[in-house]
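S.K.: Make the full structure from the sequences, and use the hints.
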Amino acid sequence: MAKYLYLIHGDEAAMATATPEDWQLMMKAHGEFAEQVASRGGQILGGEALAPTATATSVRGQTSGQSVVTDGPFAEAKEALGGFYLIEAKDLDQAIEFAKILPVATGGVEVRPVVDTSGG
Amino acid sequence: MTATSDAVADAYRREWASVLAATVRAAGDIDLAEEWVQEAFTKALVDWDANGVPDRPGAWLTTTAKRKALDQLRRASTLRRKLPLLVEPKTSADSAEREETSVIADDRLRLMFTCCHPALATETQVALTLRLVCGLPTGDIASAFLVSDSTMAARITRGKKKIQSARIPFTMPRADDLRERLDAVLTVIHLFFTAGHTASSGDTLVNREVTVRSIELGRLLSSLVPGDPEVDGLLALMLLTDARRDARIDSAGDLVLLDQQDRSTWDSAQLIEGVSLAAASLQRPGPPGRFALQAAIARVHAAAQTAAATDWHEIVYLYDELLVVWPSPVVALNRAVAVSRAVGPEEALAAVELLSDNPLLAKYLYLWSTRADLLRQLGRYEEAAQDYRQALTLVENGAERQFLQGRLTMVRRS
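Just so you know, the sequences run in chain order W and Z. The numbers in this note's numbering rise by one with no breaks, and the one at position 116 of the first sequence is 116. Throughout, this note's numbering is defined as the position within the second sequence, counted from one, plus 1000.
It is possible that some hints are incorrect.
Here are the simulated DSSO-like pairs of lysine-lysine, each with C-alpha atoms no more than 30 Å apart in a straight line [as the list claims (entries may be wrong)]:
1. W:Lys100 / Z:Lys1162
2. Z:Lys1161 / W:Lys100
3. W:Lys78 / Z:Lys1162
4. W:Lys3 / Z:Lys1363
Simulated from the structure, these hints should not be mistaken for lab results.
M.R.: See below:
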């Protein structure tokens, strides 16, 4: 098994205008997603929805000893990071299988393998 | 000693790719597998000298490389984390199910699917397939794609790294993914063939080494996935296209168009094989795919005794079918050329004009050369000259440049 981080990117404007009913539908879809992952032998290790990038704070320059704190996300993009999952899957094929059924309203999802530091 | 090293060299040429594929499956890691295969060949130099060359050198090498893999995996504690890869596939229920849904189990085919995984960029897919499935040296792949050795080596290394760290599996795709994944493999082989058929630059038109290797890959795939209409369609397409290689260039090294080619110089053995494969793949149940249809078009050309005898109406019909399964502007352009022969240049020009604004074709050499030719046929020489000039700014192959230059001179004199 290997761990993958699912970075869900989407249009923030669409998210901002979502109604409570939309949210409810979305939560239901994510509940079904979790069931699907479990039934196919994967395991969700974590996952959250993120507050809009307008609320983000970036801190850079740690190595210089003089960190700079700025308002906003690390990189401005039309499709912003809006949520994540950490999922254990058998291999990339299964990880992609999960990504395909992940409920994404707009945009898409980036699947990143997590570095395995358990061995060696 | 010489006899042994000859036998080893021969086995290296013939068996390296198969031995590697089998070892990759056992090791679950491409880099380590490559190392162990190398060691197995080194061991063969000594062992075969002492004990004679085994009856099946490939099997001997595979067993030796796999044994080294297992020994080292057991011994080395730093590699312990790889052990689960060796054990897991046998025990987990999920993989048993995968095994069941898999259609064919062959190590080389598995490796081909791994190399052509959609999570890899197409150029990486091609490079990895040629290196690992064909066993082509990195330098040869680099020259086929006109990049430096170090660029190609870096591309291959990056690809292998992604396979390892993202865990792209060495398995057959599941049955419901097979069609799509097979299509990626076919695309890679076709891309490689095309790169050889009209070498993108340089003065010779065809890179023979590349076309021969692509056809080999096509044959390999056809034997691993027997009876697939698209697999056989691609093989037929390559055989039929490649059969015309000697006729495409005259003794002065100039390009000869299909119409003017001396059909007696077409490779008849390849034509016969290609024609029957093309026919077979078109007859299979279900709507034909893009390779079966392209093979069918090549077959119509092959069937014509003379250029004048070509059934252009049949070709237009096949292009119509092809456009349905593959709505590409390049296909539409080729269809227009067929229309010019079946109906006339005027109708064809109308079809080409519809494509002229397509941004995908703005830098496509053959859009400009085709339109130029149609304008030339209609006697609109000045416009034709303009398009030939545009085409000349895009051409990279020497033989093609020569041809366009000749046509430009011709319309300017008219």
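S.K.: Can you give the numbers of the hints that this structure goes against, from lowest to highest?
M.R.: 4
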